Amino acid sequence: MPNSLNLYISDEQQMIELGAVLADSSGLEGVIYLQGDLGAGKTTLSRGLVRSLGYTGAVKSPTYTLVEPYELERGAIYHFDLYRLADPEELEFLGVRDYLSGGALCLIEWPQRGEGWLPAADLEVRIEVSSPGRQLQLLANSPRGEQMLEAVQAHWGGQV
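Just so it is clear: in the sequence shown, position 131 is 200 by our numbering, and no numbers are missing.
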């Protein structure tokens with residue numbers, strides 16, 4: 070049974086802060102699934118993660134390109150948005166195996182659209198709008214995911 074944590078995020082700044090905590094604790098490797106409706110905050114979380122590692126350019130949802138690579142001094146991050154994926158088999162044409170072969174951190178929005186072609190997530194982040202903030206459920210599915218989950222819990226302390 071995976072370890073889980075429920076967390077309330079009150080605003081955009083806290084979502085960015087969560088991204089930074091995940092970046093620091095990930096070792097810049099692994100797979101994170103980001104699940105939630107349009108506008109839930111998946112890209113905001115990704116932006117916080119990527120920027121906390123020193124990237125200064127625009128961090129946007131790769132809705133039309135499907136994947137946005139970020140080559141950083143410490144390693145690579147690949148941000149996927151599978152919302153427009155018509156068939157999971159399209160991932161093969163994207164060369165998804167190369168991206169997911171290890172040695173990088175992969176953030177995957179709308180992972181259910183790539184079912185059967187994606188590896189299991191180390192950490193799943195499920196986001197629900199709970200005005201004015203967001204209710205998150207984090208599920209760790211591996212030792213790396215547990216490490217990230219523990220870092221989030223340590224950062225937020227008793228507020229979870």
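Rather than coming from a laboratory, the hints here were simulated on the basis of the structure.
This one's a predicted model, so the numbers in the text were calculated from it and none came from an experiment.
Do not take every clue at face value.
What follows is a list of derived Cβ distance ranges for each label pair [as the list claims (entries may be wrong)]: (1) 170 <-> 201: 36 to 44 angstroms; (2) 138 <-> 201: 27 to 35 angstroms; (3) 121 <-> 158: 12 to 20 angstroms; (4) 223 <-> 158: 38 to 46 angstroms; (5) 199 <-> 96: 14 to 22 angstroms; (6) 79 <-> 166: 17 to 25 angstroms; (7) 121 <-> 202: 29 to 37 angstroms.
Backbone N, C-alpha and C fix where the C-beta goes; we use that ideal spot for every residue, glycine too.
Here is how each hint holds up against the structure:
About 40 angstroms separates the C-beta atoms of residue 170 and residue 201, a value consistent with the hinted range of 36 to 44 angstroms. Range check, residue 138 to residue 201: Cβ separation about 33 angstroms, and the 27 to 35 angstroms hint holds. A beta carbon spacing of about 34 angstroms between residue 121 and residue 158 contradicts the range 12 to 20 angstroms that was offered as a hint. Between residue 223 and residue 158 the Cβ separation comes to about 40 angstroms, which falls inside the hinted range of 38 to 46 angstroms.
For residue 199 and residue 96, the Cβ-Cβ distance of about 30 angstroms falls outside the hinted range of 14 to 22 angstroms, so the restraint is violated. Restraint check, residue 79 to residue 166: a C-beta distance of roughly 39 angstroms breaks the suggested window 17 to 25 angstroms. A hinted range of 29 to 37 angstroms for the beta carbons of residue 121 and residue 202 is inconsistent with their spacing of about 20 angstroms.
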